[in-house]
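Engineer: Under UniProt numbering, the first residue of the sequence shown carries the number 1, and numbering increases by one thereafter.
Since the hints were made in silico from the structure, they are not lab data.
Quick caveat, the model's predicted, so the values are computed rather than measured.
Glycine included, every Cβ here is placed at the ideal spot set by N, Cα and C.
Take the hints with a grain of salt, since some may be wrong.
[What the hints assert, rightly or not] Computed Cβ-Cβ distance ranges for the label pairs, DEER-style:
no. : residue 1 : residue 2 : range
1   : K91       : K45       : 29 to 39 Å
2   : G383      : P436      : 15 to 25 Å
3   : I478      : P436      : 47 to 57 Å
4   : R429      : T357      : 44 to 54 Å
5   : I478      : Q270      : 29 to 39 Å
6   : K529      : E306      : 49 to 59 Å
7   : E390      : V100      : 28 to 38 Å
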Amino acid sequence: MAPKTEEQILNKELSSMHPKPEANRLVGPTDWHAIDWQKAFRLLKNLRSRIFRAAQEGNHKKVRSLQKLMLRSYANRVTSVRRITQLNAGKDTPGVDQVVVRTASERQKLVEELSQHQPWKAKPARRVYIPKANAKRRPLGIPVIGDRCLQTMVVQALEPEWEAKFEASSYGFRPGRSCHDAIERIFRYARPDGRRKWVVDADIKGAFDHIDHSFLLERIGRFPAKRLLEQWLKAGYLEANVFHPTNSGTPQGGSCSPLLANIALHGLEQAMGMSYYYGGGRVQTCGLRRVVRYADDFLVFCSTQEDAQQAVLLLKDWLKERGLALSEEKTRIVHLTDGVDILGFHVRQYPSRNTTTSWKTLTKPSKESVQKIRDRLRAEWLGLKTQRVEVIVKRLNPIIRGWSNYFRTGVAYETFTKLDRWMFDRQVRYVRRMHPRKNYAWKQAKYWGRLNLDRQDKWVFGDKQTGIALQKFVWTPIQRHILIQHTASPDDPSLRAYWQKRTQRKSAELVPSKQRIARRQNHQCPVCKTSLYTDEALHVHHIKPKQEGGSDAYSNLRLVHVTCHQQVHSKAFAATKKKQGTLSRLSSA
Numbered sequence: 001m002a003p004k005t006e007e008q009i010l011n012k013e014l015s016s017m018h019p020k021p022e023a024n025r026l027v028g029p030t031d032w033h034a035i036d037w038q039k040a041f042r043l044l045k046n047l048r049s050r051i052f053r054a055a056q057e058g059n060h061k062k063v064r065s066l067q068k069l070m071l072r073s074y075a076n077r078v079t080s081v082r083r084i085t086q087l088n089a090g091k092d093t094p095g096v097d098q099v100v101v102r103t104a105s106e107r108q109k110l111v112e113e114l115s116q117h118q119p120w121k122a123k124p125a126r127r128v129y130i131p132k133a134n135a136k137r138r139p140l141g142i143p144v145i146g147d148r149c150l151q152t153m154v155v156q157a158l159e160p161e162w163e164a165k166f167e168a169s170s171y172g173f174r175p176g177r178s179c180h181d182a183i184e185r186i187f188r189y190a191r192p193d194g195r196r197k198w199v200v201d202a203d204i205k206g207a208f209d210h211i212d213h214s215f216l217l218e219r220i221g222r223f224p225a226k227r228l229l230e231q232w233l234k235a236g237y238l239e240a241n242v243f244h245p246t247n248s249g250t251p252q253g254g255s256c257s258p259l260l261a262n263i264a265l266h267g268l269e270q271a272m273g274m275s276y277y278y279g280g281g282r283v284q285t286c287g288l289r290r291v292v293r294y295a296d297d298f299l300v301f302c303s304t305q306e307d308a309q310q311a312v313l314l315l316k317d318w319l320k321e322r323g324l325a326l327s328e329e330k331t332r333i334v335h336l337t338d339g340v341d342i343l344g345f346h347v348r349q350y351p352s353r354n355t356t357t358s359w360k361t362l363t364k365p366s367k368e369s370v371q372k373i374r375d376r377l378r379a380e381w382l383g384l385k386t387q388r389v390e391v392i393v394k395r396l397n398p399i400i401r402g403w404s405n406y407f408r409t410g411v412a413y414e415t416f417t418k419l420d421r422w423m424f425d426r427q428v429r430y431v432r433r434m435h436p437r438k439n440y441a442w443k444q445a446k447y448w449g450r451l452n453l454d455r456q457d458k459w460v461f462g463d464k465q466t467g468i469a470l471q472k473f474v475w476t477p478i479q480r481h482i483l484i485q486h487t488a489s490p491d492d493p494s495l496r497a498y499w500q501k502r503t504q505r506k507s508a509e510l511v512p513s514k515q516r517i518a519r520r521q522n523h524q525c526p527v528c529k530t531s532l533y534t535d536e537a538l539h540v541h542h543i544k545p546k547q548e549g550g551s552d553a554y555s556n557l558r559l560v561h562v563t564c565h566q567q568v569h570s571k572a573f574a575a576t577k578k579k580q581g582t583l584s585r586l587s588s589a
């Protein structure tokens, strides 16, 4: 029998992604707003858990079978379209075909097109550039909407398998893990009583652009959509209407790129001599070195400078196998007393008179991070210099709250205080510009007061008529991040109680009024019955609309996902039998 051609192999993969007739019974109605998202999310979560468990057990045949089921799952298809066209930051950014999907009917049409995609040919990405902190530009490859949705579907099938394999020290672009987990792990390795005080601050030269395709595809093994992934890797990109082939790398901008990069960089712990064993009632780490990796940024903790130099040599060989190399200019070996910058934080050991080691480890916002937020706020103030206070507050509050929430896990109170003083100077400049002839007492009485009733602070900037106030950095309480358990994954069905408790902690990032509403409804969206703390923005829904006499009382308010809120107010949703059930959940949550 003649060997199968590449086209035959690809068509076989695509046929495994074609939905079976019964798969469409998930939703029933074909209107986008009539989709039962609660059921869709539940089916998707359960199927991911089954893939994870089969991978944990080493049942490769079952893993492949379940992955095929995921690839043709209607729940996977509609949730992928929802993520790409409604949730992602780049939802309004077109690919080379200049197509964007904005309406419910267009989304439903896209779902139907994805179920009839044979023969499939991946289109080139559209090359764009975004500015970097060092004044350089980072290239991004923007695939067309259809490719982005298919990539998300493929990730849902491939990711749970690798979540069962990934190392505990890997934190970037993984479900349930964050920058703060990486920083907390770094903090623990950098404690003064530890013996690893030399750090390799590694920088991979163009990591996403140079990953070897052959190595990556070999790692993926017999994944059902392997050839489809290969198409995306080799699809090339268009820049100024000129086609450029891609013979290496995973183009940044695609849905599958972060996962593929993590797969390529898996194994760093073993290369650095790290291993684990269970003892004393918990997981223990052994080996000469310690590693913390967030995507392509990682640190290696070593006992001596000589061992750190040896680690660099080992890293070069390990990366070479993957088509990668260390940047000679940016890779450094530093002592913890000099400190290291990573993920916006500066981690360093400082002299201390109050500790047994005479040293203490602190994680602070880095100087670069502080300068960046100042530059951004300065630009905002300049753009708002003639606007009303209400406009200024609504523009600046999300920026201040977002920055302070990110750095609240470190030693940031002093930084917050300095930024508030700097912001006060900007407020004074604004008031002087707006009222050059008014005296100081008049200005103070008009623009500053005790507008935050929870604080004894009479210097809060805002509008006294409406009560709207500008957020202060120091209002965000410092709170140490709780490190994720070892290899814990949201796909692990045995850890559902752990993840439910952990996700509820994210409510601390909400304003106090929204925190109260979230607690009243047990941190669940009453429409889709999933956690409030996903990638989706939240909306405060009035059970009885204000135009019908409804109030802002907590009993009349519910927190829902923005997309769920759109569904509640759609005509199609109102026409389904599910309306009464969902409205009762909204009123009783």
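Engineer: Given a hinted range of 15 to 25 Å, is it respected by the beta-carbon distance of G383 and P436?
Structural biologist: Since the Cβ atoms of G383 and P436 sit about 20 Å apart, the hinted range of 15 to 25 Å holds.
Engineer: Should the hint that K529 and E306 are 49 to 59 Å apart at their CB atoms be regarded as holding?
Structural biologist: 57 Å Cβ-Cβ, so the 49 to 59 Å window holds.
Engineer: Could you see if the CB distance from K91 to K45 stays within 29 to 39 Å?
Structural biologist: Cβ of K91 to Cβ of K45: about 23 Å, so the range 29 to 39 Å is violated.
Engineer: Has the hinted range 47 to 57 Å been met by the Cβ atoms of I478 and P436?
Structural biologist: Hint violated: Cβ distance 39 Å, outside 47 to 57 Å.
Engineer: So does R429 sit 44 to 54 Å from T357, Cβ to Cβ?
Structural biologist: Given about 46 Å between the Cβ atoms, the range holds.
Engineer: Return holds or violated for the Cβ distance of I478 and Q270 against the range 29 to 39 Å.
Structural biologist: holds (36 Å)
Engineer: Within 28 to 38 Å or not, the Cβ separation of E390 and V100?
Structural biologist: holds (32 Å)
Hint compliance for this structure: hints 1 and 3 are not met, and every other hint is.
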